[in-house]
Each structure stands twice: as structure tokens, then as C-alpha cells.
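*Asks:* Chain by chain, the residues run as shown.
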Amino acid sequence: MNGLMPPKRGGAGGVALVLCASAALLGVGLDFLQRHPDPFWIGASPGGAAAIGAAAALFCLAVARLAHAFLHRKRSD
Amino acid sequence: MTPELALIGVLAAPLTQAVLVLMLARPPGLRDVMHVSLSLFTAVCAARLVEAAADGEIVRVVLARPLPNVDLALSVEPLGALIAAVAGGLGVLHAVHTVGLVRASHEPAPARMMAFLALASAAAMAVAFSANLFTMFVANQALTLAVFPLVAHRGDEESRKAARVFLGVLLAASVGLFLPAMVWTYALVGALDFQAGGMLAGRVDTLTANILLTLFVLGLAMAAVPPLQRWLPASSVAPHPALVTIQGVAVLPAGGVGVIKVAAFVFGPALHDAAFAARGLIVLAGLGMCAAAVIALSRQNLRERLGYSCIAQSLAVVMGALLALPAGLFAAALQIVAVACAATTLTMALGTVSVLTARENAADFAGLGRAMPWTFAAFALASASMIGMPPFSGAWAKLWLITASAGAGLLWAAALAGLAAVLTFAHLGPLAANALAGEAPQNPFVRADGASIALVAPVVLSGAATLWLLLVADPLASFLSPVWTPP
Amino acid sequence: MLTLNPGFALILAAFLVLTAPRQTRTWIFVAAAFAAFVLLLGREFGAAEAVAQMGLPVVFLNLDALNRMFGIAVLFALIGVGITTGARRNVVEDAAILLLAGGTLSALFVGDLISLVAAAALAGLATAWLVLTSPLPGANRAGARLLIWHGLEGLLFLVGVALHLTEGAASAVLGRMDAASVSGACIFAAIMIRVGAPLAHVWLKDAVSHASPAGGAALCAFTTLLGVYMLARLYPAEPVLTPIGMAMIALGAVYAVADYDLRRASAYALMAQTGVAVALIGIGSPIALAAAEGHAFAVIVGFTALQLALGAILHRVGSARLTALEGASGIAPIATALGIAASLAAVSTPGFAAYATHSVALDAVARWETRVLWTMIAALPGVLFVGLTLRLALAAYAPTKVQPVRNEAPFAMVLGTSLAVFFCTSVGLAPQWLYGLMPAELTFDPFAVARLAPQLQLMGVAGVVYLLLRTRRPLPAPESEIPDVDGFYRGPLAQAGQMAGVLALGLYDASKRAADASGRWLSQRFAALVALCDDPFSRRSFALTGLLALSGFLGVLLLSTSQW
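These protein sequences, in sequence, are chains A, B and C. Going by the working numbering, the first sequence opens with residue 1, and the numbers climb by one from there. Going by the working numbering, the second sequence opens with residue 1001, and the numbers climb by one from there. Going by the working numbering, the third sequence opens with residue 2001, and the numbers climb by one from there.
Honestly, the hints are just simulated from the structure, not real lab data. All of these numbers come straight from a predicted model, not from anything done at the bench. By construction, the Cβ of each residue, glycine as well, lies at the ideal position given by its N, Cα and C atoms. Among the hints, a few may not be true.
[Said to hold, decoys possible] Coverage of chain C stretches by chain B, computed from C-beta distances (three or more under 8 Å per stretch; other residues unrestricted):
(1) 2144 to 2155
(2) 2494 to 2507
[Stated by the list, open to error] Sample of chain C residues with no beta-carbon within 12 Å of chain B, all distances over it, derived:
(3) Ala2031
(4) Trp2129
(5) Ala2398
Looking at chain A on its own, in the form it has when it is part of the complex (with noise of 0.2 Å):
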């Protein structure tokens, strides 16, 4: 076992879940509905502020991972 668990019942996860994904479904359809006058990019595309949004939580877990496995040390002070 690699020590991994799924997240424990209860706490705030459930509500921040409910309330992300509110702002993220309201964010997704007020895009298709009305576009941005002058599009930079990956903002031409509708969603695709979505999907910097999902690459940072993936660079979050990432780094988590990272930092928890290899940069473990002793407080030095």
C-alpha cells in the first residue's frame, strides 16, 4: 500500500466542490453565450480559460506530489 487514501467524508470539501463547480459551469456557459471583443490566444476559444484553470490544479497536485515525496527535511532552525 502506498500509503494514499481517499478523501475523508465530511469538512468543507463537499461545499467548496458544489460552489467550484457552480462558478465553473456559470463561467463555462456565460462563455459560449457571449464572446470577448479583442480574443488573446487560448482565450479565442470558448472553455479555454477552463482549461488553464484545470492544467493549474494539475500543476498544484503535481507539485504536491513533488514536494511531499522528495524535499522532505528537518527544519533547519
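Since the structure of chain A is already known, use the hints to place chains B and C on it.
*Replies:* Just chains B and C now, kept in the frame of chain A:
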């Protein structure tokens, strides 16, 4: 008080002080009152002379005339007046601190020590107000002979050896280098009087100018130019009041004033003829500053560390004086003032800490600032000024030194000055920081009755004095301008 | 109207607070901030008369749109921090905070290099003093390290200004500088330390994590902001700033997510957000500069609020590490809620000030078609939302085995934090006030659907992906720390310095021994020579004595004839 009386007073008062202190050694209260009050009188006379210099008065007192056109004379000019006023003011604080120190540490033969401190003060005033090279030479010898017993004061083998080095180096340099240069100058010019604009201007060829400059600057070994700086670290075994005199109030400032007077009043524009020697001496000064700062870093004993640190600061004066620019002379003068205040504060603080806690090593200072906050606050201020950290006094002297070096086309000299400041930070900055930041040691005091006001107040006041230069820098520039402006 | 620099009011207050009774100290903070506001807002744009100092022009006050905006941010932050200080008794820290704010504010409003350096150095020293006064463990050494950083910064400033002054007295007045010149490079390097550029960034996280609650907020508010101002004033459109800003964004984002101490993570997040401003200054167009200044304003207030909130939680919980924050919502529910609100303000969530300026920043970068920078700036709110807001919320509201005892943070801390969050929210909901302060004319609607929608979907999707994919792994032991470049400075670099010192000392001792040996040899030869001359009539010495006497005679003759 007329300026003439004041000029005699700056010499006579410390001489009288020396005699009275010896005569009135018992009871100690009377001795101490004489010591402090006559120091105060000397400072008042010096302040009067600053006023006279600011008004442009011509004041000259001739004490003797040993040779044609060669007087043993004192005269008032802005540079000497400024340094004398600073030395006088700090001298009062030093006198009060000495009184506190000798009582707290039960120093042997305190009256003798105070007498020689007073004699050193008189000799330093004579250097500051010297009207010509001959008077400066005589005053330098007097200063050496007055401070030599202070170095040997404790009487043990280590002190005597240090005193021999002190006397040997300073006298040998003075007699072997400065005296021939002085004689040669007399032979060229026919007189030895200092002149704004330089007495050698237009009268000396390149080779002679280079040789004379080298002889004069190295002959003024009190400026601690390598390789004649050994007397300063050797003298670190002296009692604390003597260290203040050597590093803060008398000896090093006298060396600095001497170099500036030679650069401004003997050479003047002839410094351009001596460019080769000047560049060489600037290289020596610059490398010496950095080397001294590095060696200071290696010294755990704070007497030695401060001694090497003062060498680095004194060499900044030499560098500024030899740049052949008004900005350089201004930087050198500011540096003497800033270092006098900072070095006096640091050495007095060291004395206070040593007497109260018996600690003199850098490692033992950690956390002491929490037990002695006022002393170490002043210590931190003086360290910051010594390093040249803005907004403290020493920063403005270093600013002008770097500006003048770059203005003279010597960017490498500016770089050396900057590097020396960083190295000075390395050996003083963490010391002050750890003293204030470390955990307070348990029971640091060896004296049950704590610190008397005489041990702490002078340190705090002289620490505060490291800030005043920021406020008076502009008036000082105007006051000192006759030094580099021919009439 | 008085031409007093507003910063001087705060510096005076620093001395006043040392002698004031405890009950009045918070009022002194607020009164000093209001006095500075009066001095600031009651004056027209322009410079006060220059005063000559050592032959250089010194301008104590030069007000324009750039420094006015920063000054307002400083003063609002000071009010929040000042109210928080009422929750504890530490007069020395109070004085340090006022001195830091006063030095920073003075530096913002002076008009010449000498005064700028003096004020910035004063602020730097006050920063170190602030950390030294902190009661947290390890603060002493952190303060000593900070002193070294700011000491180096001060010396770099000094050398840079000194070299710059060789161009003439007029060069002392503030103006565009050239980073390619030696003087410009020295000053640039000093500002890089102040702003927390990569390699010099470690001082901020070190200081914030060891400072007290109020101290941490003061550090966020009054330190890096000055660096951003100096860059905007002295190096606008400097090309190298854009890659430096990008490096700050990347490095700050990585450590903000990786670090388990939320105060330290928020310091890294501040570094990332400051990097946005630095990169925009590098672009240098009017809208980019306006966006940089506005973003610095909003970010400073947002992170001040966040540090105040984290400080309030720290006050009750004892630590800001994720391991210690579990159940914090039960102990200090209001402080925790404020913390989440403040973190939303700091990460550019719509409805808060940082979002209003973030939108302008994206538009400014889009005009120059810098895709990498645009993507980094766009993604940053998503990263920080996960790293700060979600991690805080998940930890603080995590169910605990034992019901925690409610012990809300002190009222002063809650009030200070609330005010800061309220300020972020009110500016966020009505940003035209902030846009009106900016140096450039700006007509911008951050709540246009075309701008709001991408931000909502970005942060929403980031949250959803993180919440779905995260796994609960055992948190690291309390003593573990993510290493940064300061490990190299304190370890191998310090050892290398020690070895160099030992080597130099060895060389010096050797040269001293050589000098002593040659001195002894010379004196022995001299003594032998003297012994030789003791018997002048001996065959060996006669010739030598005669030669010496003749040389001396000729020398005196030469000297005396040269006089004629």
C-alpha cells in the same frame, strides 16, 4: 574669549589637566573633577576656534622660532578646527567614561593614565592646529611619546612588547621618512608653512613630487598605511581608555588630519605631478582596507577586531585625500569625523561591557544586548556608521569617497571602497545583530551594583553623535571649502 | 499647505509610541495614518523646493499619481495593522512597525536619490528590527539574517548612488536610470533584493514566517511594495524585468503550493503576485505600468488582510502549518472565515480588488502578444486559489476526533482583519475609484461578461479538478520544511566563505612571519655593521667608514646647493 586665548587654551588646558590630575591624585573625586572639567574647557576652546574659522579670522600663535622661516606655531583653519572640535567634544565623553571605568575596574595608577590621556589630547590638538610641517612633526612625536606609556600601562611583558612596537614603528617612520621629506621640502621652498593651494605647487618636478609624497604619507604612520600599520593591532592590549584615545579621539584622527594637510596644504595641485605615487598609495590603501576588514573578521577578540576595523576606516581617509579632488578631500574630512564618533562609541562600549561582564570575545556577545540595551543600541548605531550603512554618518563619507574615486577615473578604487564596506559589514554587522537578537545570557554581570551612569551615558551620547553628520553635512561642506580653494 | 513628507508623521509617531501608555498606542497608529492622509491628500501634484545638502539637491516631497496611489495603500494597510496591535503588548514592535511604515512612506514621496536611499535603508533596518522583536521561536536568527540582506541592499544602494552622482549634481533628482551602467546595475541589484527577485526572494518568506501576527502583515504591506515603486520610477520598460517577473511568478507559485506553512506559502504567493507587477513594468506601455501599479496596490492590501487573518488564527491555534490548522474553524470560526475571505481577495477572485487589476493586467499583456506571460498571469489565480484558499478551507474545516473548544481570536485582530477585507471588497465591487487613482486614463469594466466568465471558469475548474483528484496522504512531520536557495547560502556558501577566510588568514600569518624574519635578519646585519664601525681604525672598517662619511658629506652638499 579671544581666538588667540582659545588657541593657547586648547594646548594649555590639557597640559594643566595632566599636571593637576597627578598632583590631586588623592582624593579620587577631586582628580576626576579636574579631569572632566578641564576636558570640558578644552572642548569649549575648540568650539570657539570653530567659530573663529567660520568667521574667516586669521589666528596664529608662535611658540618658538628654532630656524629661519620655521616657527613652532599654531594657526586656525577650518579642517583643524573641525577635527579639534570633534576630538574635544568626544574627549569630554571619553573623560567621563574614563572616570567610570577606572572606578569600576580598579585600574592601577589611574592618575598616571589620566595624565597621559590629557597629554595625548594636547598633542592631538597641536597636530590639528599645526601651522607648518615642523610643528606637525613635533606634535606627532609628542603624541607618540604621550601614548606610548598608555600602551605599556599594565606593565606586563605583553604590554611592554606592544609598546616597543608602537614606539618603534611610529618613531622610525616619523624620523626615517617624514623628517627627510620635511627637510627636502624646506630645501626646495625655503619655508614649511601650510598654504591653501599647496606650498609645492609649481616648484617641484615629477620625480621629486612622487618621492616626497611617498615619504610624507608613509612617514605619517599614524594613518596606518601598510606596511606601517603594525602599531595599531599591537596597541590593542592597552587599557580601554587608551584604546579610545588611540582609535577614536587622538592618534588615528591625527594621522588622518596629517595626510589631508599634506595633500591640501603641501601638495595641492602638485598632487597631479605625483600621480604615480598617489595611484600606488591609493592601491595600497584600497587593498589594505579590504585586507584589514578580512583579518578583522578572523579575530574573535574584539580589541583586535576593532583595531583592524579602524585600520580599514583610516585608510579610507588616505584614499580620499590622495584623489586630488575637492570631493575627495571633503570625503576624507567627513570620514575622519564619522570614524572618530563611531570608533569612540565602539571602544567605550567595549570597555563598559568588559568591565561589567568580563567578556571581550565576539562569541560571548550573543544576547548581551538584551541585558544592556542602551549600550548595545549605541554599539549598533556606531557599527552601522562604521560600515557605511545609510542613513548613518559613515554612509555619507563613503558616498563621497566612491563618487570622488569614480570622478577621478579610478573606478577600481571605488570598487575597493565598496568591497571594504561589505567586508566591514561582515565583521561588524552580525556581531551587533547577534548581540541584540540572541537569547539573553543568564547572570551576565560580574559586578553586583550594575553599570554607573558614567559608563553608559557617554556611550549613548557618542552613539547619538554618529547621526548628526546627516544634518550638518551641507554647512560642513561650506565651512571646509577654504581647504581646497586657494585664496 | 505644509510641505512635510507624510512619512515623517509616521516616523515621529514611532518615537511617540515608545513613551505612550498601552491604551493609546492603537490610537497613535490611527492618528498618525490620518495625519499622513491629510498631508498627502491636501497637496497638489508637484515637487517641493529643493534644499541643498552637500552640494546636491534634496527634494523632501514630490507628489504625483504614481506615489500617491502607493501611499494610500500603505496608509490603509497601516490602519488595519495598527488596530491589530491592540491585541498584544509589545511596544518595541509597535515602534518598529511605525518606523517601517514611515521609512517606506518617506521613500515613496521624496524626489531625489539621496533621500530615497536614506529612507529605504531606514525601512530596511526597521524590517530587521521588526523580526527581532517577534516572540516566535527562531525570530532572533531570522532577524540577524534579514539584517544581512538589508545591509547588503543598503551598501549596493550607496555604491550605485555614489557612482551615479559622478554625472553631476542634477543626476541626484529621481529619473529614468540605465540598468546597463555600473551605477544603474548596483541600484537595480539593490531593488531586486527589496522586491524579492529569485535568489534574493528568501528573506521575505523567512521574515514573515518568524514575525508576529501584526509583524507579518506589516512585512507584506510595507516592504516589497517599495521595490515595485522604485522599479516603476527608475526602470520603467526595462526589458530584463519581464523575464525576472516571470521567474518570480513561477517560483512563487511552486512554493506557494508546496509549502505546508500557510504564512510562508502566502509570502511566496505575494512574491508571485509581485512578479506580475514586475513583468508589467518591464513591458512599460502606459496601460501596463498603470496595471502594474494598480495590481501592486490591490495585492498589498489583499495580502495584508490574509496575513492579519492567518496571524489571528496563529494567535489561537499556535501554528500556521496545515497539520495544526485542522479544526481551526471550531476554535476561531470568525477568524477562519475572514481568512478564507482574505485568501480569496489575495488570489484575484472576482468581487475583490485584485481581480479588478488582474483583468487590466491581462489586457495590457494581450496587447503585446506575449503568450507565455499572459498564460502565466492568467493561470496564477487558479494556482493560488488551490494553494491558499482550498488548502486553508480543507484544513480548517476538517472534522476532528475531539470537539475543539471555542476560543475566538482577540477582538482587535478580528476588527483589523475585517477592515482590511472590507476594503478589498469595496474596491473590488467599485473599482472605478482605483482606476481613477492610476497614472493612466483608464475606462475599463472588469465585470463585463467577457472578462468575468473566463475568470470564473478558470478558478472553478481548478477547484473542481483539485478536489476530485486530490488524495489524502499523511501530512509531513511538523519539523519538515521545503528547502529553498537559502539552504545553499547558509550551508555550502557560508562554509566556502569560512574556508576562504581561513586561507586568507593563513596567507597573512605567513607574510607576517616572513616580515618578522626579514626584520630580524636586517637588524642582525645592522648590528654587525655597527660593531664593525666600533673600531674605525681597523683595516676592515676603515674603508667602509670612510665611504659612508664621504657619501654623507656629498649628500648634504647636494641638498644645500639645490636650494640655490
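*Asks:* Does each hint hold? Answer for all of them.
*Replies:* We went through each hint and held it up to the structure:
| no. | hint | verdict |
| --- | --- | --- |
| 1 | 2144 to 2155 | holds (count 7) |
| 2 | 2494 to 2507 | holds (count 4) |
| 3 | Ala2031 | 25 Å, holds |
| 4 | Trp2129 | 9 Å, violated |
| 5 | Ala2398 | 36 Å, holds |
When held up to the earlier numbered hints, the structure conflicts with hint 4 and nothing else.
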